[in-house]
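Protein chains: 2
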Amino acid sequence: MNGAESLVKTLLAGEVDVCFANPGTSEMHFVAALDGHPDMRCILGLHETVVTGAADGYARMADKPAVTLLHLGPGLGNGLANIHNARRARSPMVNVVGEHAREHKAYNAPLTTDIEGIARPVSDWVRTIASPDTVGRDTAAAIQAASRRPGQISTLVLPADIAWSPSNGPAAVEPADAAPVPAGAEIDRIAALLKSGAPTVLLLGDGALREEPLNMAGRIAAKTGCSLLGPLSNKRITRGAGRVALNRVPYVVDMARALLEPFEHMVIIGAREPVAFFGYPESPSRLCPDSCRIHRLADASFDLPATLEALADAVGARQAAPAVSTLDRPAVPTGEIDQDKIALMIAAMMPENAVVADESITTGRMFFPATHTAPPHDWVQITGGAIGIGPPLATGAAIGAPGRKVVSLQADGSGLYSAQALWTQAREGLDVTTLVFANHSYAILQGEMRKVGVENPGRNAIDMLSLDRPRIDWVHLAKGYGVNAARATSMEELSDAFGRGLAEPGPYLIEVAM
Amino acid sequence: MNGAESLVKTLLAGEVDVCFANPGTSEMHFVAALDGHPDMRCILGLHETVVTGAADGYARMADKPAVTLLHLGPGLGNGLANIHNARRARSPMVNVVGEHAREHKAYNAPLTTDIEGIARPVSDWVRTIASPDTVGRDTAAAIQAASRRPGQISTLVLPADIAWSPSNGPAAVEPADAAPVPAGAEIDRIAALLKSGAPTVLLLGDGALREEPLNMAGRIAAKTGCSLLGPLSNKRITRGAGRVALNRVPYVVDMARALLEPFEHMVIIGAREPVAFFGYPESPSRLCPDSCRIHRLADASFDLPATLEALADAVGARQAAPAVSTLDRPAVPTGEIDQDKIALMIAAMMPENAVVADESITTGRMFFPATHTAPPHDWVQITGGAIGIGPPLATGAAIGAPGRKVVSLQADGSGLYSAQALWTQAREGLDVTTLVFANHSYAILQGEMRKVGVENPGRNAIDMLSLDRPRIDWVHLAKGYGVNAARATSMEELSDAFGRGLAEPGPYLIEVAM
Chain A
11 MNGAESLVKT LLAGEVDVCF ANPGTSEMHF VAALDGHPDM RCILGLHETV
61 VTGAADGYAR MADKPAVTLL HLGPGLGNGL ANIHNARRAR SPMVNVVGEH
111 AREHKAYNAP LTTDIEGIAR PVSDWVRTIA SPDTVGRDTA AAIQAASRRP
161 GQISTLVLPA DIAWSPSNGP AAVEPADAAP VPAGAEIDRI AALLKSGAPT
211 VLLLGDGALR EEPLNMAGRI AAKTGCSLLG PLSNKRITRG AGRVALNRVP
261 YVVDMARALL EPFEHMVIIG AREPVAFFGY PESPSRLCPD SCRIHRLADA
311 SFDLPATLEA LADAVGARQA APAVSTLDRP AVPTGEIDQD KIALMIAAMM
361 PENAVVADES ITTGRMFFPA THTAPPHDWV QITGGAIGIG PPLATGAAIG
411 APGRKVVSLQ ADGSGLYSAQ ALWTQAREGL DVTTLVFANH SYAILQGEMR
461 KVGVENPGRN AIDMLSLDRP RIDWVHLAKG YGVNAARATS MEELSDAFGR
511 GLAEPGPYLI EVAM
Chain B
11 MNGAESLVKT LLAGEVDVCF ANPGTSEMHF VAALDGHPDM RCILGLHETV
61 VTGAADGYAR MADKPAVTLL HLGPGLGNGL ANIHNARRAR SPMVNVVGEH
111 AREHKAYNAP LTTDIEGIAR PVSDWVRTIA SPDTVGRDTA AAIQAASRRP
161 GQISTLVLPA DIAWSPSNGP AAVEPADAAP VPAGAEIDRI AALLKSGAPT
211 VLLLGDGALR EEPLNMAGRI AAKTGCSLLG PLSNKRITRG AGRVALNRVP
261 YVVDMARALL EPFEHMVIIG AREPVAFFGY PESPSRLCPD SCRIHRLADA
311 SFDLPATLEA LADAVGARQA APAVSTLDRP AVPTGEIDQD KIALMIAAMM
361 PENAVVADES ITTGRMFFPA THTAPPHDWV QITGGAIGIG PPLATGAAIG
411 APGRKVVSLQ ADGSGLYSAQ ALWTQAREGL DVTTLVFANH SYAILQGEMR
461 KVGVENPGRN AIDMLSLDRP RIDWVHLAKG YGVNAARATS MEELSDAFGR
511 GLAEPGPYLI EVAM
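Residue numbers (my numbering), protein chains in the order written: chain A, 11 to 524; chain B, 11 to 524.
Do not rely on the hints blindly, as some may be mistaken.
It does not matter which identical chain is meant; a pair holds if it fits inside one copy or across any two.
To be verified - Taking lysine to aspartate or glutamate and the EDC-like style, the derived pairs with C-alpha atoms no more than 20 Å apart in a straight line are:
hint, residue 1, residue 2
1, Lys115, Glu274
2, Lys351, Asp506
3, Lys115, Glu292
4, Lys205, Asp323
The set of hints was computed from the structure by calculation and includes no laboratory data.
Work out the full structure, taking the sequences as your base and the hints as a guide.
As structure tokens, this is what we get:
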């Protein structure tokens, strides 16, 4: 058994059985080993940003890491932005990066790069395998690091000669340590605070955003009158009818401040204190009022469901009824397309148990509030601000949640970063309906441009913020990648096309003329 | 004047007047400053791999750096692979990466990244501007570093608050130091070697590959009987009728070894000793026979034209007539499409003074030898092995060589990494005719797969190396990006379409069915 086979067998032993890949020559022995193990599902991306973004989407739905296969430093570099997003989502991911054979590296061949140097800024754990006899152990360590709660980025560098040399076989993967819960005294202190009636918000993040812990938080809110809030950007929220409706901290700084203004206390469970996305002149980075006390009850590595249960017990809320959304389908809007009508249409038509992948940026600011009363669904979104995760995220989510419809809500400027993912959707027959909101601009930046005082942008500013010369034709693009597509210029056309996409299996794309 | 304005004015003072950009919020003050300076030409890329690859193509033709505008760590990460290629080409490039305001960085907002850490593995020079008062000086230093012969990658990190704060204005850019030439004794030693008649090859790289130094090398070869050779991957070669025909070291290891086998001496002028692209089991990395002595006369930082003149003088070759190619247009082939016929067609139809951007990988192995006798042209190619430079390279070359037709020879798998560059070609009305060789596979890897002993690949290997399920439709893709396109399934259709593309101004794409 060679090193590559030891690696694949260790991955499978660790229940890592989906590989998103774009291999090159230095990974050929690894590819051969994967080929010998059909229980590993290999999925090709046309660019590594698809590979790593899909691995993130997969992990969010499957609750375990996928492995990526990347070709030396440049392949890793291509995947960097979506590894960054995955890390901000705390998604588990095992990256295997092929490296030159150790003796060859000294010759500084064209693809020679400092792979560890490129990996480190976006990885929690980095190791170059140093011997064929440690492949199993190193791979097991990579999986363990990735699986460390709530999830980490592992990058394992595999020199080609280690892949092709005889090896002593796979290693076992240790189960993760049990996650901690806060000390009883700390629970009691927060319980006393909640019972005091002081204006308090529970900020819930990461694993606290699934149905059970959210329900538990809803019981606490019902009993104590505290408010619930989620961060702006989240790995995955379980929501819709029958679930607790959670608002998120808004992107716009003034709106976020206004929302947080009333609170004297913020209790953080699995999140971090909310801060502005960007700094601006004369504008503080913190969003909470200075008078608000921050209580960090549990970070994301804690057992958040157990933390919320303990807190519910401490405030006597176990029997309280959480305020959950009731199904309320609005009518499907007609006439001219606008953002609010699209939001209503999504709420009206979203299928039961859908997965919504959200990179809708400016167009989508109403989509989330409008869908609290839609049928039960999961919401996954861009987390690290690196645009271009939408199409890969939807792709990976479809693989991680088989049998569920994925609705991909996509800003056009961001979608152009990784439209290649459409091809993987076609290749794998994934059930993804994509709405591309074609405003033909980086609309968010046009707002930011006004903020810096440029009211009448000239040629250079217009050229850098607009996408309308020429207009991208998304129907052609999608067909180029093998995905059926249509353009909608009215709400009637849009709801017709959306219905078609939802009704049919496989990928479908709608360019929404804004 | 704020920091951003000081930066732009320093760039313009240093004759850096083309900016390839994909900005974000943290760069808005820089965008505003660019907007105030219409003498800076700003060109948008839909993804940073387009931005950095185009900056490379521009530098190769304009012989000076462009500036790139990138959005924090993820924007830089997206551009990493083509920065790697540019660095391997020794193209000068000034990257300006926007960073959070310094006070904001402490809050670990979603886009917070270790920008310097990401930059360092692909940059020769990295600096984060530390004060509004050093913006001019730091920018001048970045330009000077990029311009250091033969060319370097500078990465300058611009915190948003430094961009928006009052600054003390631009700085002057120091001219580059004169390039060295080898000592006279060293020239004389090599001259004696050449005159001895021992089998010797001059390996010419970088700046030795332009018309004048190549002619000088041709005189030396004519006088002494030595051979001339270029590296596999080159920044730019001036070639065609009236120029010295230079063969390159082949990619295939056995072919390279066979070519180099006869030589007892290799004299290196502006290049590095040729090595295998990848290491293989039982296969040495060096391509020269062990018995061949390597003489490093001048590295790429030297004044290579002066080096070759001195060597020509020392061997008495100044009056010798170099063997130059004579114009020889083959007939345009007809019938079924194959690689050899495409090579002949390119040689038959290439316009005078074209720029050929070559990322044709397996399909294109005959293109270079077949075009020695084409009309005079420049050849630029992928240098660092990071696929996906072709479309951006052609885009940047067109901007760096206005008035010249760019012929982009593109492998399909590689082109899918950065097809977004087609949109920039349409937007800027660039005169680029692209041939996409649609073999619907990573053909180079299918060969490598056989080399590692997999004769009958299974589902996983087939899935990772083939692009034919579904087939990419390049005509749709190109139209999606606003570029006219056609598909050719016979040599007649291909030469018709190629003629159309060459005759008309602006971009045009032909999918060549292989």
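Results for each hint:
For a Cα distance limit of 20 Å, the shortest separation of Lys115 from Glu274 qualifies neither inside one copy, at 58 Å, nor across copies, at 26 Å. Proximity of Lys351 to Asp506 under the C-alpha cut-off of 20 Å is restricted to the intra-copy arrangement: shortest distance 14 Å within a copy versus 48 Å between copies. Taking the closest pair of Cα atoms, Lys115 and Glu292 come within 20 Å of each other only across two copies (15 Å); inside a single copy the shortest separation is 50 Å, beyond that limit. For the identical chains of this complex, Lys205 and Asp323 are intra-copy neighbours only, at 12 Å inside a copy versus 94 Å across copies, given an alpha-carbon limit of 20 Å.
The structure shown violates just one earlier hint, number 1.
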